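A.B. asks: Residue numbers (UniProt numbering), protein chains in the order written: chain E, 1 to 449; chain P, 1 to 449.
The set of hints was computed from the structure by calculation and includes no laboratory data.
These numbers were taken from a predicted model, which means no experiment stands behind them.
A virtual CB, placed ideally from N, CA and C, is assigned to each residue, including glycine.
DEER-style ranges, computed between Cβ atoms: (1) E/TRP376 / P/ASP202: 55 to 65 Å; (2) E/PHE348 / P/LYS53: 30 to 40 Å; (3) E/SER117 / P/VAL371: 54 to 64 Å; (4) E/ALA101 / P/PHE348: 36 to 46 Å; (5) P/ILE193 / E/GLY416: 54 to 64 Å.
As a plain string of letters, each chain reads:
2 protein chains.
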Amino acid sequence: MTEQLDELADLIRDERLRELRVALDELHIGDVVDFLERLGVKDRAVTFRLLPKDTAVEVFDMLDQALQHEIIEGLKDGEVAHFFESLEPDDRVRLMDEMPASVARKMLRHLDPRERSLTNIVLGYPSGTIGRQMSPEFVAIPEHWTVRQAMEKVRRAGTDAETIYTLPVVDRQRLLKGVVSLRDLLTNDDEQIVEALMTEADSVDADHDAEDAARRCADRKHLAMPVTDKEHRVVGIFTVDDALDILERAESEDAARHGGAEPLHRPYLSTPVLTIMRSRVVWLLVLAVGATLTVQVLDIFESTLEQVVALALFVPLLIGTGGNTGNQAATTVTRALALGDITTRDVFKVLWREVRVGLTLGSVLGALGFVLVGLWGPGDGNPWAIAAVIGLTLVSMCTLAASAGGMMPILGKKLGADPAVFANPFISTFVDATGLIVYFMIARAVLGL
Amino acid sequence: MTEQLDELADLIRDERLRELRVALDELHIGDVVDFLERLGVKDRAVTFRLLPKDTAVEVFDMLDQALQHEIIEGLKDGEVAHFFESLEPDDRVRLMDEMPASVARKMLRHLDPRERSLTNIVLGYPSGTIGRQMSPEFVAIPEHWTVRQAMEKVRRAGTDAETIYTLPVVDRQRLLKGVVSLRDLLTNDDEQIVEALMTEADSVDADHDAEDAARRCADRKHLAMPVTDKEHRVVGIFTVDDALDILERAESEDAARHGGAEPLHRPYLSTPVLTIMRSRVVWLLVLAVGATLTVQVLDIFESTLEQVVALALFVPLLIGTGGNTGNQAATTVTRALALGDITTRDVFKVLWREVRVGLTLGSVLGALGFVLVGLWGPGDGNPWAIAAVIGLTLVSMCTLAASAGGMMPILGKKLGADPAVFANPFISTFVDATGLIVYFMIARAVLGL
Chain E
1 MTEQLDELAD
11 LIRDERLREL
21 RVALDELHIG
31 DVVDFLERLG
41 VKDRAVTFRL
51 LPKDTAVEVF
61 DMLDQALQHE
71 IIEGLKDGEV
81 AHFFESLEPD
91 DRVRLMDEMP
101 ASVARKMLRH
111 LDPRERSLTN
121 IVLGYPSGTI
131 GRQMSPEFVA
141 IPEHWTVRQA
151 MEKVRRAGTD
161 AETIYTLPVV
171 DRQRLLKGVV
181 SLRDLLTNDD
191 EQIVEALMTE
201 ADSVDADHDA
211 EDAARRCADR
221 KHLAMPVTDK
231 EHRVVGIFTV
241 DDALDILERA
251 ESEDAARHGG
261 AEPLHRPYLS
271 TPVLTIMRSR
281 VVWLLVLAVG
291 ATLTVQVLDI
301 FESTLEQVVA
311 LALFVPLLIG
321 TGGNTGNQAA
331 TTVTRALALG
341 DITTRDVFKV
351 LWREVRVGLT
361 LGSVLGALGF
371 VLVGLWGPGD
381 GNPWAIAAVI
391 GLTLVSMCTL
401 AASAGGMMPI
411 LGKKLGADPA
421 VFANPFISTF
431 VDATGLIVYF
441 MIARAVLGL
Chain P
1 MTEQLDELAD
11 LIRDERLREL
21 RVALDELHIG
31 DVVDFLERLG
41 VKDRAVTFRL
51 LPKDTAVEVF
61 DMLDQALQHE
71 IIEGLKDGEV
81 AHFFESLEPD
91 DRVRLMDEMP
101 ASVARKMLRH
111 LDPRERSLTN
121 IVLGYPSGTI
131 GRQMSPEFVA
141 IPEHWTVRQA
151 MEKVRRAGTD
161 AETIYTLPVV
171 DRQRLLKGVV
181 SLRDLLTNDD
191 EQIVEALMTE
201 ADSVDADHDA
211 EDAARRCADR
221 KHLAMPVTDK
231 EHRVVGIFTV
241 DDALDILERA
251 ESEDAARHGG
261 AEPLHRPYLS
271 TPVLTIMRSR
281 VVWLLVLAVG
291 ATLTVQVLDI
301 FESTLEQVVA
311 LALFVPLLIG
321 TGGNTGNQAA
331 TTVTRALALG
341 DITTRDVFKV
351 LWREVRVGLT
361 LGSVLGALGF
371 VLVGLWGPGD
381 GNPWAIAAVI
391 GLTLVSMCTL
401 AASAGGMMPI
411 LGKKLGADPA
421 VFANPFISTF
431 VDATGLIVYF
441 MIARAVLGL
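With the rest of the complex left out, here is chain E (with noise of 0.2 Å):
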C-alpha cells in the first residue's frame, strides 16, 4: 500500500494530475485520507482539489481537524462554508476550536438556522468536557409508548440523528430514566411497552471531563452514552467512536509527553521539522537546566573524585539504572491511572507496593553488582571495597527510584496536571541529582573519606 501512495506522491512531484486524478478515483475513500496524511500543507491542497465534490466532503469528515484547518485555509470562502456546512455538529465545534475566533465566528454565520442552534448548543460547554464532544441529535423515547411507536419515531427521525442504535428513555418531564437499545425494540412485541424494555442508563453529566467519560464508553463497552444536564435531563449523546477519536488523541499525547515532547496532533510526515522541532525543544532545555544539578553535585564531590577516579567509571551504569527503575515505576502508575485502576487517593497502596517492588528489585541487582565488580572491577587492590559501595548505592537507588517513579503521576494529577508529564524524563532527572548524592555519600562512609 505505502508503494502505491509513494508513486501517487511521485505523480504529483511531476505536476502529472490527470493521471493522479485517475488514480485518486480508484483508491478506498480510507486510503485518499491515508494519503493526503502523508503530504506536505501544498501538496495536499492540490490533491484536495482534484478530489470529486462528494468524495472531497467525505474526506474531508475523516481529516484530522488540523489538516482540516489547514484545508480551509486554502479554499475561496463559497466553499469553506459548504465543507463546514456538512460537518456534524460536534465534529464542527472540534474544527472551530483550531481556527481564530473571528473566522470560527464568520462560518458559524453561513450555517442554517437548525445547524447554527444545533452547534451553539455545543459551543456552549466548556472545552475539555464531554458536552463539547457529545452529538446534540438524539432520538429519544417517552417510557410509557409502545415499541411500535419508538420504531416510528426512530424511522422518521433515522437519518439525522447520530445514532438509532442506544435510545435515550425519558418521562414526560425529559428526565432521563434508562435506555433501550434499538436491538431490544426489534426483537421484541409491537404493543409491548419501552418501559418494560429499557435498562439503567449509564449516563454522563454535560460538564464531566471527556477523557474520563470516553474512557468509560469504552471500558464498559457501550456504542452510545446519554449526556445529561444537572437536572438529569439528557442534552445529547455521545458514540463510542468519538471516545476512540478522544482517547487516540489522549494516548498520543501521554506517549509524547512520556518521551518528553509536547504531542503533534498531527500525522508525522505531515508535520514540518521545524513543528517537530518546536514541540521537543522546550522540554529538552527543561530537562537540561534540570540535569545541571547533576554537575553541581558531582561539584560538590569533585575531591571525593579526584581521590578515587574509579568512582566516575559506574556514574552511568548507576544513573541508567535509576533512570529505568523509576521509568519503569512511572510507566506502570501513568497506565493506572489512564485505565482508572488507580485514582489518587490510592496513593498509600501505591507508594507501599512501589517500595517493596523497589527494594526488592534493587536487593537482586545490588547482590549481582557487588559479586561482579568484588570479582572483575577496578580498586587498586581494595575491590570489594568499591564493590560494597556499588551494591549499596543499587538497593537504595532502585527502591528510591520506583517510590518516586509512582509517586510522581499520582502528584501530578493531584496538581491538575496530567500526570505523564510529571514522569518519565523528570524522574531520570530527579534520580540522577539525588542518586548521585546517595551514591558519593555511600562512597565516604564505606571508603572512609
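Please arrange chain P on chain E, whose structure you already have, making use of the hints.
C.D. replies: Coordinates of chain P only, in the frame set by chain E:
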C-alpha cells in the same frame, strides 16, 4: 467513588459479609467490576461468591481474562461450566488462551454442540490474527432480498448475533458483496432491494494481524467489519468494542515496553508485588548489562579523566540530554507506526527528518551550553576550551540520538519485534555508550590530550 470502594474493602477485612452483599446489590454493575479489579485473589473470590447468579455472570463477562481465569480456578466444576457457557465464543477462546490446554479441552467438552462448534471456528485461527478475535455469529443478507425479507431475518436472528447494526451482504455463493447498516434498512422502503442500499465493504482477512485490523476499524469509525476467508466468503464479524479491547491491550503493552518493563495484562492493584517485580527485573538486568559498556568506555578514557577531572562533571548532563533527545524521536516514531501514519518503508524519510530535527536541537542546546559553560563553568583558567568541548558534543550527540531514536522502532518492526521493545530504554543505553566515546574524542582533540 474510590472512597466508597475502600469502605467495601473494609467490610471484607472485617468479615462483615452480609453487609457487603447488601452494599454490592446497590452498585451499578460496572462499579462492581471496578471493585473486583482492586482486590487481591482471595478477597476477589470471596466477593464474587456473594453476587446473585445473574449479576455474577454479567460481571464475569466484563472482567479481564487473567482475572476470569483466577475465578474459574476457585470454582467447582459445575459452576465453571455455567460461567464458561455464558461467554461469547470469541471471549471464550480468549479465556481458554489463559488456561492450561488440558483444562481448556475439558471445559470445551462440557459445552452444548452448537456453542462448541462456534468456539471451534474461532479456535481454528492462529492467535494474533483477527480470526481468533472475531465472532462467528453474524447475520448475512443475500443481495437480491428486499428490505422486508432482511428485516425479518434480523428480527429472528437478533438475540444471538454479535451485532445486527452492520450486516454483511452476500451473493448466492456467500461471497461478500458489501455491507448494509440497519439504519439504512429502517429508513428505506420495505420493497427496496438490499443490493441498491449496500455500500462497499471494508472487510478484513481472517489471517490478518488483529491489532492492525482493530486500528483500521477504529480509524475508519466502523461499528463492525466483516471477516472473510481466502475465497472472500464471510466467516465472522468483528465489532468496535472488540477493537477497543485489542487497542487498549496493545497500548498497555507499548506503554509498558516504553518504560522498559513487560506488560502486566491485569489491573495494577490486583497484581501481586512479585508479579510486578518479575515484569521488570529481566529488562533491568538486560539494560544494566548493556550499561556496562559505559563502564568500559570510561575505563578506556580513564587517563583523560584523571588529567581533567572536570570532564566527569558533565557526564550525567550530556548523556541525559542525549537520552532525552533519543527518547523523543523514538516515542514519536513508535506512535506514528502504531497509528499507521508511517510504515517500515518510510525509513529514509524518517531518517532525513530526524537528522534535521536532531541537528537543529543540537545547535540550540550546543550554543547555549557553550556560552553558559564558557561564562560560569570550571576549566582552571581556560573555561572556553571545555565550553567548546561541551557545545560540540551536544551538537553531535543530539543528531546521533535523534537519528538512532527514529531508526530503532522501524528496525525493531522490520525484525518482526514490537517496535516499543527497541525504543526508549535501549536508546538511552546506546546513546550513553556512543555519546561518551564522542565526548572524550572531542575532548582529546580540543584539549590536545
